[in-house]
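**Student:** Assemble the dimeric complex from its two separately framed chains, guided by the hints.
Residue numbers (this note's numbering), protein chains in the order written: chain A, 1 to 213; chain B, 1001 to 1167.
Stretches of chain B that chain A covers, calculated by requiring three or more beta carbons in the stretch to come under 8 Å of a beta carbon on chain A:
1) 1016–1026
2) 1039–1050
3) 1059–1065
4) 1086–1093
5) 1130–1144
6) 1152–1162
Over the 12 Å line for every Cβ pair with chain B, so calculated as not near, a few chain A residues:
7) V63
8) Y64
9) P67
10) T71
11) G132
12) I136
13) I142
14) S156
15) A158
16) L162
17) G177
18) I189
Simulated from the structure, these hints should not be mistaken for laboratory data.
Keep in mind the model is a prediction, meaning the values are calculated, not measured.
Built from N, CA and C at the ideal position, the CB exists for glycine as well.
The lines below spell out each chain.
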Amino acid sequence: MLEQELKNIWKNSSETAQISIETDRLVKEFDTKMTNIQKKIRKRDVREISASVFGILLFSYFVYEIPFTITKLSCFLSILWFIYVIYKFKKSNQKNSSENLTLPIKEQLDHKKQLMQHQLKLLNSAGYWYAGPSFITNFIFIIGLENPADYNWTNSIAENLLPLTFNAKLGTIIGLGVFYLITIGVHKIAAKKDVQPILKTIEDIQQQLNNSN
Amino acid sequence: MSKSQNTFDQLLKENKHKIYRICRIYAATPIEPQDLFQEVIFQIWKSLPNFKGNSSINTWVYRITLNVCLRTKTNLDKSNNKTTRLDAIHFTPVTETVEPLELEKFKYLKECIATLNESDTSIIVMYLDELSYKEMAEIIGLSENHIAVKMKRIRKKLFECITPKLN
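Bound-form chain B, shown alone (with noise of 0.2 Å):
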């Protein structure tokens, strides 16, 4: 195995499970979880060989899921959202370990994301991930203040919805 393949290997272990919750909450018909995350991946091997170190490399696999989920909704080419699924990358459920409840209660989460818009969107999955402000502002491109302001309604509004069903 090459050092940049062993380097995409590191990166896929660290980020699989971060990079596919996003795509469970941005996927929506006819795209499945699984090919944005799949699509996500794509971009990150074809991106690593110009990635700099300017910012971590957190910040930057959040910038190409954040983009390439976002893309979805911004495409002209509607092709581009036929994916063929690779065989490469294994999907097993495990629902038999997860607690029906823990599944209710991500259930209601997801619903109540879905009632922010798509900025919110992704500036509350970035908070569930418990990233500091100064990552979100270098995600987005906005400032810290800006972030803090926007985070402080989102949670209000989350925390809303969520409450009475969690109760």
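Just chain A, same shape as in the assembly (with noise of 0.2 Å):
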């Protein structure tokens, strides 16, 4: 008596809205949607991508123009780490792209628990795949700087810009250090203040999912 009641208040519950829908108009404004979605992380790529392409341009040039032997190979490093960075963006949006609504519940949040965890396995891990190499390639990049008349090299530009003398390395080294150790600690509060807790929400549904009590 009461389940049939219960049905009954649920599915006299919709009666509360007419629901009208023009689906010709619905699914042009779907597709514009789409469309947006698809511009959106056109965009989004381009911008992760940008950097490490403007980096690229940088080290090549500086290859070409810088004559420190030590400089040079770190300008090489550098540039291997940019495609690596461009290669970590590509995989890991790809991944984040893979979502498929249409499986069960228990399926589906196992997948997007796998994403949680890779993208919190990302953030923890951005001192050992960016922070610790980008500053590896800076540091060698600064030590190998000599000084410019020994190779008759002269370029105002870079003489400007370069830290030549003892002190100006020490500064720059410092100075990129605690960038990235700040760059190391953002990373980790984004992964405890973002990450862990939608981990919890869906490790939580999984559990009451298989729990028979």
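**Tutor:** Below is the structure:
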């Protein structure tokens, strides 16, 4: 009796609103929405990759222009690292966009959990794949800078920008160290504040599903 | 109208009220039921070309609806929560034809469903829509037996909550 009454209450609940849908117009609006989503994704990809592309161009110029061997070597390493970052972003974005909402809820949650774990790992390991290699290549770059006069090298812009004295080198290395430490901290905070609560929610729902009681 | 558009149109006609009922349960500030409803039908439209008919269309619609509703709680990109309302969907309140007592009863039912956890909520909405255990099992991804055991406990909890309110 109560069972049927509840089902009736439930079914009558949608009668509080009349829903009218103009399908032709809706499909057009969805097409526009889809185009906008794709544009946003493309913009995000360009934004993420452009910094690395700029880095590749800049360090390629340094390889060509700067005569110091160790600094040249660090530029090659930086270029390799920028290529790796582009690959990492592409791979991560591909993973994040592989959502399939037609899966059973349990499978969908497993999939979402995997994505979140990947995201968490990526943020927590930023020191190893982002800050660490970047700092090392920057460090080698600075250490490798020598006296331009020994190489008969003149480039006023580079001479003004590059830390050529001991004090300038030390200051730049300390500054970069602080910057990368802050970067690691920001990534760790994002992992703790944004990803971990979601992971916990997913695990809670998974546990609720698996429990018989 | 193309064949796929016809299918979509038919699907909406048959399922819009069912989808809206579920969205009303899962919507929580700042997300309105209309926003969730819109997102569900967008995902249905997006996934429709890939529907292979391995499961019934009913089960398929439920999976998308519940996955979208649960996604609001597990979304990393909060910008997805900001929905632009589409002009093609109109919600007109029809309160004058609905008995105030019916509205109150639904309020009680909603309150009692809100006391359940996420997993139990998804099962109870399917139970109230009179889905079989087999269908529920296909939607959730658990065995029929598991659903039956869970259902017994959830029903008891719901009845204990709502009986004093309805009396």
